[in-house]
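> The chain contents come next:
Protein chains: 2
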Amino acid sequence: MPHSPTPAPQTSPAPKTLRLKMAQWQGGNLPAYHFGAELLAWLAPPSDTPMVEVPVDPPSADPLPLEDGILAKSRVLAQARSARVLIDAHAPDRLVVFGGDCGVDLAPFAYLNEKYEGDLAILWVDSHPDIMTPAEFERAHAMVLGALMGQGDQDLADIAARKVEPAQVVYAGMDEMSPLERERLTDWGIPFIGPDQLAETSAPVLDWLRQSGKKHVAIHLDLDVLDPKGFRSLLFNKPGSDNAEWADTPQGRMSLAQVVRLLRDVAGEVEIVGLGIAEHLPWDVMNLRDMLAELPLLSD
Amino acid sequence: MPHSPTPAPQTSPAPKTLRLKMAQWQGGNLPAYHFGAELLAWLAPPSDTPMVEVPVDPPSADPLPLEDGILAKSRVLAQARSARVLIDAHAPDRLVVFGGDCGVDLAPFAYLNEKYEGDLAILWVDSHPDIMTPAEFERAHAMVLGALMGQGDQDLADIAARKVEPAQVVYAGMDEMSPLERERLTDWGIPFIGPDQLAETSAPVLDWLRQSGKKHVAIHLDLDVLDPKGFRSLLFNKPGSDNAEWADTPQGRMSLAQVVRLLRDVAGEVEIVGLGIAEHLPWDVMNLRDMLAELPLLSD
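For the protein sequence lines, the chains are A and B, in the order given.
Just so it is clear: in the first sequence, position 105 is 110 by the working numbering, and no numbers are missing.
Just so it is clear: in the second sequence, position 272 is 277 by the working numbering, and no numbers are missing.
Some hints here could point you the wrong way.
For identical chains, the list gives no copy identity; a pair is met inside one copy or between any two copies.
[Claimed, not checked] Only pairs whose alpha carbons sit at most 20 Å apart, straight line, appear in this in silico EDC-like list of lysine to aspartate or glutamate: (1) Lys220 with Asp305; (2) Lys21 with Glu141; (3) Lys243 with Asp232; (4) Lys234 with Glu186; (5) Lys234 with Asp295; (6) Lys234 with Asp247; (7) Lys219 with Asp253; (8) Lys168 with Glu181; (9) Lys220 with Asp67; (10) Lys234 with Asp160; (11) Lys220 with Glu276; (12) Lys21 with Asp160.
Read the hints as simulated data drawn from the structure, not as lab findings.
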């Protein structure tokens, strides 16, 4: 019997992942977000994946200018555009983003929605819906998902050439919100799956993903989805403050283990092509760093 | 008038400082001390000062052997000897130590006491006196100052060729202790200056230093001297634990700012030649690192 030539195995090239460090702090009007990103990137498991850094104005205690109702709008826009230039230069299949305030996911998720031509679910793991507009709030980090959907400030929205449709979006870990936010989500038909529903199972999210029919998912992980009693490196936990400013702001109720389980379950269901981690505020670490800088023998 | 040759200016060479990273964890029987040292060293202000690292067995969850009443005594001894070899090789005038458990200061302070021939005050900034012996406790990190004074386990004590005299020692930030500890300090005549006495002024410590007549000081800074409500990266604050184990253990009552002020005031009074920082337990950071290692796209 004559040998038939063995066909070359059908292999697709390994997907190309890019790590993006984006120490944006102006969107939350808090210099500490900058260091949060630095530490987060330092903690990431070592990898051969390339890491690029979006240039960000260094932290400053000077008041940020209010531009069209948004603090430091021109900086936030410029940083999102820089992020997009870096992403386009690498043209990755997958993106990991180390933030920074929540706004760091604007350009990356816009890129992914274009790349996958809308075949992208967006899983927003957060205690807050991030659909504010300048009419209600002045910090861009609370506007990012709205901007991806074409809402609110038009310049921010224009970062996303292809608008995210409400049917692409689901929230996880969130069930408290303002009446206005609730009304908007209801109007748009975007579901939210609360922490109690996810305490023992990831099924509600997996069911939604299945019903969405999307083959790819980008995950926004705002660390404030975590219970601040178990994870203290959050906005609401600043030591030496009564944190009265946040008394009416919903806080997270998920554990680290629940978040890990949720994301791993999602990875078993659809292809994760984006993961942005945001709002890391390691107060102790910053305070310790500042103390070391003042100590004799170290500051000499 | 003929020129007389200009004499060379009388300059003494700049003192030589060495930074020592010692991620010892066995002395506190807690692998987390290892990462605490890594992060502490990462946070230190950048410097041209050389940094050397004492080889330490990597953290492990396996039970440590009890040897002569001390957990992992042979490892703790071997690590102290390694530290001494490294220090002797550099022969510095000043030492900064990044720990690790409190035991990291055994070899460095022994070296300094020999180098300055006893013209050395020891300022122990801590919530605990660290003068236990194997008869009462099995963790070496609670024995280090006792060992420097020749007390307790003889092998640990032998790390210090020149014994520290009780008259060289003062505590700061500590006023609660067990009856046994109080009896020992009274017998030895070692004063302790509590956090309330130091809340507004460093004077009690400065007065003691002046009366001691010592021209050099080595400072042991156990971070547990800090109030755990303001600085959470401490033994007593493990998230998800009721920390019942520490219910009867004295906890710190100083603020970061008070510690900085105290050490800077001391630097104005005598020459600081040693600074060891110990017992850093950044729970959130470790938990976040462990979470990142489990997440899709990061663990792939």
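> Does each hint hold? Answer for all of them.
Okay, the hints, checked on the actual structure:
For the homomeric pair Lys220 and Asp305, the shortest alpha-carbon distance between copies (19 Å) is at most 20 Å, but the shortest distance inside one copy (56 Å) is not. For the identical chains of this complex, Lys21 and Glu141 are neighbours neither inside a copy (39 Å) nor across copies (58 Å), given an alpha-carbon limit of 20 Å. When the C-alpha separation of Lys243 and Asp232 is checked against a cutoff of 20 Å, the pair qualifies both within a copy, at 14 Å, and between copies, at 14 Å. In this assembly of identical chains, the alpha carbons of Lys234 and Glu186 never lie at most 20 Å apart, being 25 Å within a copy and 34 Å across copies at closest.
In this homomeric assembly, Lys234 and Asp295 come within 20 Å of each other (Cα to Cα) only across copies, at 18 Å, whereas the closest approach inside a single copy is 24 Å. When the C-alpha separation of Lys234 and Asp247 is checked against a cutoff of 20 Å, the pair qualifies both within a copy, at 15 Å, and between copies, at 12 Å. Proximity of Lys219 and Asp253 under a CA criterion of 20 Å is satisfied in neither setting, with 35 Å inside one chain copy and 55 Å between copies. Proximity of Lys168 and Glu181 under a CA criterion of 20 Å is satisfied in neither setting, with 26 Å inside one chain copy and 63 Å between copies.
Taking the shortest Cα distances, Lys220 and Asp67 never come within 20 Å of each other, neither inside one copy (45 Å) nor across copies (43 Å). For the identical chains of this complex, Lys234 and Asp160 are neighbours neither inside a copy (38 Å) nor across copies (43 Å), given an alpha-carbon limit of 20 Å. Only within a single protomer do Lys220 and Glu276 lie at most 20 Å apart by alpha-carbon distance; the minimum there is 6 Å, versus 66 Å between protomers. Proximity of Lys21 and Asp160 under a CA criterion of 20 Å is satisfied in neither setting, with 30 Å inside one chain copy and 56 Å between copies.
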